[in-house]
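Asker: Starting from the known structure of chain A, fit chain B onto it as the hints suggest.
If you want the building blocks of each chain, they are given just below.
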Amino acid sequence: MVPKHQRNYEFRCPVHGFITLSAWEREIVSQPAFQRLRRIRQLAWTDQVYPGAMHTRFEHSLGVMHVATAMYDGLVHSSRSILEHDLKFDAAGIERDRILVRLTALLHDVGHAPFSHAAEDLFPVIRDERVHRYQHEDYSAAIIRQKLRDAIEQHPLNDNYRIGADEIANLLERSVAAGRALVWGDIISGQMDADRIDYLLRDSLHAGVQYGRFDWRRLMSCLVLVPSVEEPGFRLGVTEGGLHAAESLVLARYLMFTQVYFHKTRVAFDHHLHHALAEVLPGGVFPPPSADALDEFLGWDDWRVLGALAEGRGGEHGRRLRQRDHFREVYHTPETPSARDLARFRGICDNLGPLLRTVVSAEKSWYKVDKLEIPVRSDNPGRRVVSLSKLSTVVAGLKPIDKRMAYCAPEDKERALAIVVKREGRSR
Amino acid sequence: MNADKQGWFRLAVLATLVKRAPQPPGRTAMMKFAYLLQTLRGVPLGYDFRLYNYGPYDIRVLNDLSQAERFRAVKEKTVSYPKGDGYQYLPKERCEWVCAQAADELDEFGEAIDWLVERFASEPAWRLELFSTIVYAERELRRKQQPRSRNELCRRVQSIKPYFDGEKIAAAVDALARDGLIEAPAD
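Protein sequence lines correspond, in order, to chains A and B.
Each residue of the first sequence is one higher than the one before, counting from 1 in the numbering used here.
Each residue of the second sequence is one higher than the one before, counting from 1 in the numbering used here.
Bound conformation, chain A alone (with noise of 0.2 Å):
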């Protein structure tokens, strides 16, 4: 009989099935830091337009892993030779990244606020070299250092890797004590990388569309290390026969930035969670992730920040939300604005004067569509790596998203809809 402390355990998953987590991994999975991440919707108030969108970080944490560690192998299979010869890794090398590049997924979103990215604005502003506000990954990293030393460290499987809870913060951090497992980097967080390809597939399942479907495992078998065509080093690509599959992660997430994530009733909704609770929280802003301050941070989940809400707190804001009563859009740019749309935009913004309750930007929207250059793999002789965006007329042609929206409350719109259209008659 397989030894408890070696046995596997499947979780069954809406996307990719079972879900394969080891004695360790589950040890992990069951710390209060990491279950407190079923009661963090993944997608905040977005039920609110689409109502199957009610799933949570939890679900999404054993995707990534699941996705990060086909990557991995994915890699290792086409990669081999880079690894060993240019990365200097041995076969045990290989077999120990496995394991943290798998931790390091499953954790990489551990330090998520209520609500996720919506609540992030309202982290602590930090000042070293530059005055900016922690980001989840702070937390992450702060919540693996100090709450889940001993799960990573201690459980008996880590007898033959002794990976240390610093090594996978460190990752996380892409913190220059990573050394050479920085090359996984782009695994955790880049342009092609596990977190990206299971939201956009797990996203659209539970919000019932079908934009952010594509054939991730085709792109799985076609992931390899390509050179940097300027300088030494190497970075993630794809061979030319994963052209099509990269071209529709691309088309993926274009699609579901505009249709999911900047539609403009979600995002009203999350300036309403932002102010709500900005009420709700003492000082109007996270506690730090500092050793004394975390276990105060791990105490918000949203179903406290709900039950404040429900008592009606959150002040305007608050009341808002519990009403439905959300701004409305008055007006917005093309997708692609030139010079002049955001000089009309501001002009009308002006014009709306106090009825103009908030400015949305496509640009400070956490799922941005970013300019994103996978470099492809010539199958030819020599096999020479030109840029997806020069191989795909289709992605050549997708331009960043920098759309603004303005909004009114719902009781001034049809004044603030009268002044939009007067400035509008006069442009014209």
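Honestly, I wouldn't trust all of these hints.
[What the hints assert, rightly or not] Here are the computed lysine-lysine pairs in the DSSO-like style, where the Cα-Cα straight-line distance is at most 30 Å: (1) Lys371/A / Lys77/B; (2) Lys399/A / Lys144/B; (3) Lys390/A / Lys92/B; (4) Lys83/B / Lys5/B.
These aren't lab readings, by the way, just hints derived from the structure by calculation.
Answerer: Relative to the frame of chain A, chain B by itself:
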């Protein structure tokens, strides 16, 4: 600086760098120029660079270059390298117009931009990647109050880039230390 202003400022800085570089910069060069300018001279570009095995990187630099191209401030040209196709950037007819959108800010940080062009714009891409990785490593070790002697820095960078020649890494560390851009005392 509000978000709109900062967006124009970033485009203006990138367009200025393209215009002033002695030879058309490639993608690696533009990425590393932005990193070095923000990190070593504190120019508030608002990028969030993270370390990859190919050095500090923020995809928003490429987004901004794409935006600058759309506004016809720069032009992306395909160039053939031995390992494949890459890109170089050239100024285009609306370069001055984009720069004029953030004229005051460009003026305020003009000295820093002059310095970057003077010190780094003639460096090849591989050396810019090395410099920026070393700066990233030194800043992180300093922030975490960890040892950052010359040998330690060389060891850290070599561990990230085992395919780089050790002597080239040491020479790059020495060059940055000599210019006072990093602190890397001898062991």
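Asker: Going back to the hint list, which numbers does this structure go against?
Answerer: 2, 4
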